[in-house]
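Colleague: Generate the whole structure from the sequences, applying the supplied hints.
Listed below, chain by chain, are the residues.
Number of protein chains: 4
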Amino acid sequence: MFSTLSPGALGLDLDHSRAVDLAAAHGFGGVDPDLAHFRTLGPSGTAEHAAEVREKGLQWGMAGLPVPLDAPAAEFRQALVDLPAALELLKAAGVTRVGTWIRPMHQELDHRQNWRLHQGRISLVAALLEDAGIRLGLEYIGPKTLWSTQRFPFIHSLREARELIAETGAGNVGLILDSYHWHTAGEDAAQLDGLTDAEIVSVDLNDARADRELDEQQDLDRRLPFDTGVIDLDGFLRAVTAAGYTGPVKIEPFMASLAERPVDEVLTEISGLLDRAITVGADAARER
Amino acid sequence: MFSTLSPGALGLDLDHSRAVDLAAAHGFGGVDPDLAHFRTLGPSGTAEHAAEVREKGLQWGMAGLPVPLDAPAAEFRQALVDLPAALELLKAAGVTRVGTWIRPMHQELDHRQNWRLHQGRISLVAALLEDAGIRLGLEYIGPKTLWSTQRFPFIHSLREARELIAETGAGNVGLILDSYHWHTAGEDAAQLDGLTDAEIVSVDLNDARADRELDEQQDLDRRLPFDTGVIDLDGFLRAVTAAGYTGPVKIEPFMASLAERPVDEVLTEISGLLDRAITVGADAARER
Amino acid sequence: MFSTLSPGALGLDLDHSRAVDLAAAHGFGGVDPDLAHFRTLGPSGTAEHAAEVREKGLQWGMAGLPVPLDAPAAEFRQALVDLPAALELLKAAGVTRVGTWIRPMHQELDHRQNWRLHQGRISLVAALLEDAGIRLGLEYIGPKTLWSTQRFPFIHSLREARELIAETGAGNVGLILDSYHWHTAGEDAAQLDGLTDAEIVSVDLNDARADRELDEQQDLDRRLPFDTGVIDLDGFLRAVTAAGYTGPVKIEPFMASLAERPVDEVLTEISGLLDRAITVGADAARER
Amino acid sequence: MFSTLSPGALGLDLDHSRAVDLAAAHGFGGVDPDLAHFRTLGPSGTAEHAAEVREKGLQWGMAGLPVPLDAPAAEFRQALVDLPAALELLKAAGVTRVGTWIRPMHQELDHRQNWRLHQGRISLVAALLEDAGIRLGLEYIGPKTLWSTQRFPFIHSLREARELIAETGAGNVGLILDSYHWHTAGEDAAQLDGLTDAEIVSVDLNDARADRELDEQQDLDRRLPFDTGVIDLDGFLRAVTAAGYTGPVKIEPFMASLAERPVDEVLTEISGLLDRAITVGADAARER
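As they're listed, the protein sequences go chains L, G, X and F. Residue numbers 8 to 295, in my numbering, belong to the letters of the first sequence in order. Residue numbers 8 to 295, in my numbering, belong to the letters of the second sequence in order. Residue numbers 8 to 295, in my numbering, belong to the letters of the third sequence in order. Residue numbers 8 to 295, in my numbering, belong to the letters of the fourth sequence in order.
Possibly wrong hints are sitting among the right ones.
With a cut-off of at most 25 angstroms between alpha-carbon atoms, the simulated SDA-like pairs for lysine to any residue come out as follows [claimed, not checked]:
no., chain 1, residue 1, chain 2, residue 2
1, X, 98, L, 87
2, X, 63, X, 140
3, G, 98, F, 82
4, L, 98, X, 63
5, G, 98, F, 79
6, G, 98, F, 87
7, F, 98, G, 80
Pairwise CB distance ranges, derived in the manner of DEER restraints [as the list claims (entries may be wrong)]:
no., chain 1, residue 1, chain 2, residue 2, range
8, F, 293, X, 79, 31 to 41 angstroms
9, G, 92, F, 197, 47 to 57 angstroms
10, L, 43, F, 115, 52 to 62 angstroms
11, L, 253, F, 75, 39 to 49 angstroms
12, G, 253, F, 110, 33 to 43 angstroms
Far from chain F, some chain X residues (derived; all Cβ distances over 10 angstroms) [said to hold, decoys possible]:
no., residue
13, 15
14, 43
15, 52
16, 88
17, 107
18, 140
19, 167
20, 193
21, 216
22, 220
23, 223
24, 231
25, 259
26, 280
Worth flagging that the hints you see were computed from the coordinates, not collected in a lab. Every residue gets a Cβ at the ideal spot worked out from N, C-alpha and C, and that includes glycine.
Modeller: Structure representation (structure tokens):
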């Protein structure tokens, strides 16, 4: 597990080069790759850039999957047409993780129809990613205030996400585990038992507002880890550590206030919180 | 399609013999069988009773399935132990339809787990019913105010219900089609296209309150058919008639006020509404 | 149902223009479209050609689906890249039916894995075809001598094929019904009951060798319809006619001897057999 | 892993008391429970008997599941009626493992229909067993000479069996791993990677005839472990040992010749082979 600077997740508008410098300056272990930036560099420029990032002691976090999983077929097809160019850049950079989230509801497709749509498309995309040596992370979304907003709720729990991943039959698909979704899904540490590093592509750490009931928590209104103590981060981190997880961990609080504070102050805090989380996880796993 | 007196659906506390007499007196085409009453009569008494009911010109509606589909395994097993005695009575009476509803949410089982539970148990129960010449009706439940009340929404649409029925692989399982669930599920007449008599075990007719949004409609607070006009009963009845449906149709308004009025007055109204519905369906199907 | 000349199905090496002329000369109702020929003409040339074909009184049969459903992901993706150009030609020609067969076994993927592969890919392809107004026919393969040749048998029955089609959720996918596969799958007319025109994209008529047991019949060694009488073509044609089937019917005997005979003699025989089949179906449906 | 005497698996006709004595005399670690014998003893007699067996230093192997999983529904229901009496005896004895095999083909039900049948029934039976603290082992059957004998092949591989077990959603269902089925299914040690003790209920060790091709091996014509060396028992035992497997291991060669030899001679050989296997597994796991 290594701390990662993901400007987008923090709501910070940083260009990629600055993000790399700030990640190094603030002691992050990694930084999220930026496919748009790679496109401006081309494959060989991207490879050079990646070498510089590595020299700064940084690993790559996770890029966004450039394929809209539940788009209309024509749009999905177009993304497949464009995919090889993106994969060439990611490969040149040495990026090994891309990810996306699963929309937890649908106005037209019921649970089983939507499952088939996702299963089929994820299987195909995963196979194309595998040829490029890239793993795919899938994030399930927990808040009831989101999954209950359309006619057909969809995957909004860890067990469902794991079954979907198993059904893709792909060895390179795993979870994006976000403590916020785990908590709002009504899950606890027992459900993380037995997870392995191979099943986890990325980890997000967040806390929740203390003044809201579980079913009232909002997807886009979270708190920094260890802030309210609403979420059992000790249990979460112990499980992730016990899984032997080796990938990126980031914070994604959707707090607009972060963008209003001095960026160095914010990143000092974020980096410190992630370091604390890694320590908490290691301690908890040891004590167990 | 024949009108049926179902005292329970109307919230009327009538003993079975009186219900039979009232059904005949008020011109219903049928009356719901009462397994509890059959138990007091035994198989041969039940056969005699059924002959009398037939002599009054009444057909049997639908009995309740005496098996709790989603009970703990031990309780479900016990219901299977007890099932043959109930089937012997239903067979003696000449009842050919039993039914139950599908709970549209679960606190522990997610959609796919709950699907498997239902698929497996319904398949088994259906096979046992088939040996007795009895069909099983399944009712999907539409109101969001119900399906959104626990962690995992389950079947709450016609398409899901039909897929579940198809997966049971049983030729004797069909739908209980209730206009209230069809409406609250956000469905319209197009979705009833192509239904056949073999797919429908029972039909319920209800209207909805005019002062509530679709997603605010309550399962237990409905209106009598043709009352508010909120529900497209013409479209519903046209489709059911076009399907060549030959079974019972009843009203299930969950209006406590019915039990407070004189029973003869209530049944005159109900019987008249059902006759009107049958006429509306026939006219609509003809015009089409 | 209209008779169709499909040179490939007959093992005849005819260029497309000659096939069109021969189809017209021998009284066929239609001819199979030839995508390779359309490619040489381009979209507007194809439209002109199609107008000429129509003027000769011929309808289009079914084109081959230019997507290998179970190819490695990269190859499948490439076919999707190329698909729009093919669809533009088919659309220009007014072709509305394409089809492919389902390989009934796999050396690596077991039944459920292979099902998911097919479900996902067919759903995607069907949606892309639907945008072009084209239906997709899927042919299940019956002979045990084929499905038993690798580690994992796959779909080799009508019921499985229909379930797969239902799971694609696509309104434009249907069956290619071949009497040879229906027979070798051990099926009879009862299993064709209730089929509708919307479920059938193409029909193939063949008979089987009389000197082989059912399980010994070979996929590529068949007989002309009505030759041996091994296959119940009356029952098959009655069901297809009762379904109100409006599409192409062809013969696909895989008999090398046809290519050795004078082509006019062969086509006279084939056209006559198809006319006879259409009459047999109409008579049988009427008598029933 | 402990060696177990299973007279039935060896084709020996030993009454249960004698089997217990022989198991102790020949140094087996366990003996298979005999439900028929328990029935003659009743619950308290069974408890006393079990205490004696434990005093001889023997553990219980696995009893046969007294429920025919794919029987007609009425027969399956009757087995559920009778199940509690059997479970009371098994519980009194302290037996914690029962098992059955999955018939790898069906004349009427295709793969998906048969899957649903098994999934539903196993889920129900497993829940009833769980209430009694008993685990259920399922054995997949590998030989093509068996799975190809009817219209619809069914589960005949490890992966399928594991998916079925996962779909039961039961924590007390696992595999009966038989080296003979693993081999004839075309599997190798890689496919056993990552197995855990919780996934294995029982282990069978057998070798295969050297004079037959893989696809010609017969289910009921095997060889004693280490006899021909056709089966990679080292790889198999290494994986089972690496899984931390703690349950019974037996030999099930279906060799009629065993019953013709002096029983003590046979059991000396069998016990020795099982001891050798346990040593081989430990050595292989250590070396790795």
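Colleague: Confirm or reject each hint.
Modeller: Each hint, compared with the structure:
1. 98/X <-> 87/L: holds, 23 angstroms
2. 63/X <-> 140/X: Roughly 23 angstroms separates the two Cα atoms, so the pair holds.
3. 98/G <-> 82/F: holds, 20 angstroms
4. 98/L <-> 63/X: Violated, because 56 angstroms separates the two Cα atoms, which is more than 25 angstroms.
5. 98/G <-> 79/F: Measuring from Cα to Cα gives roughly 20 angstroms; hence the hint holds.
6. 98/G <-> 87/F: holds, 23 angstroms
7. 98/F <-> 80/G: OK: residue 98/F and residue 80/G at ~18 angstroms, within 25 angstroms.
8. 293/F <-> 79/X: 31 to 41 angstroms: Because 39 angstroms falls inside the window, the suggested range holds.
9. 92/G <-> 197/F: 47 to 57 angstroms: holds, 54 angstroms
10. 43/L <-> 115/F: 52 to 62 angstroms: 57 angstroms Cβ-Cβ, so the 52 to 62 angstroms window holds.
11. 253/L <-> 75/F: 39 to 49 angstroms: holds, 48 angstroms
12. 253/G <-> 110/F: 33 to 43 angstroms: holds, 40 angstroms
13. 15: Given that every Cβ of chain F is farther than 10 angstroms from that of residue 15/X, nearest at about 30 angstroms, it holds.
14. 43: holds, 36 angstroms
15. 52: At roughly 46 angstroms from the nearest Cβ of chain F, residue 52/X sits farther out than 10 angstroms, so the non-interface label holds.
16. 88: Non-interface label on residue 88/X holds, nearest chain F Cβ at 32 angstroms vs cutoff 10 angstroms.
17. 107: Holds: least Cβ distance 21 angstroms, greater than 10 angstroms.
18. 140: holds, 31 angstroms
19. 167: violated, 5 angstroms
20. 193: violated, 6 angstroms
21. 216: holds, 20 angstroms
22. 220: It holds; residue 220/X is separated from chain F by about 14 angstroms at its closest Cβ, greater than 10 angstroms.
23. 223: holds, 13 angstroms
24. 231: holds, 27 angstroms
25. 259: At roughly 23 angstroms from the nearest Cβ of chain F, residue 259/X sits farther out than 10 angstroms, so the non-interface label holds.
26. 280: Since the minimum Cβ distance to chain F is about 30 angstroms, residue 280/X lies beyond 10 angstroms and the statement holds.
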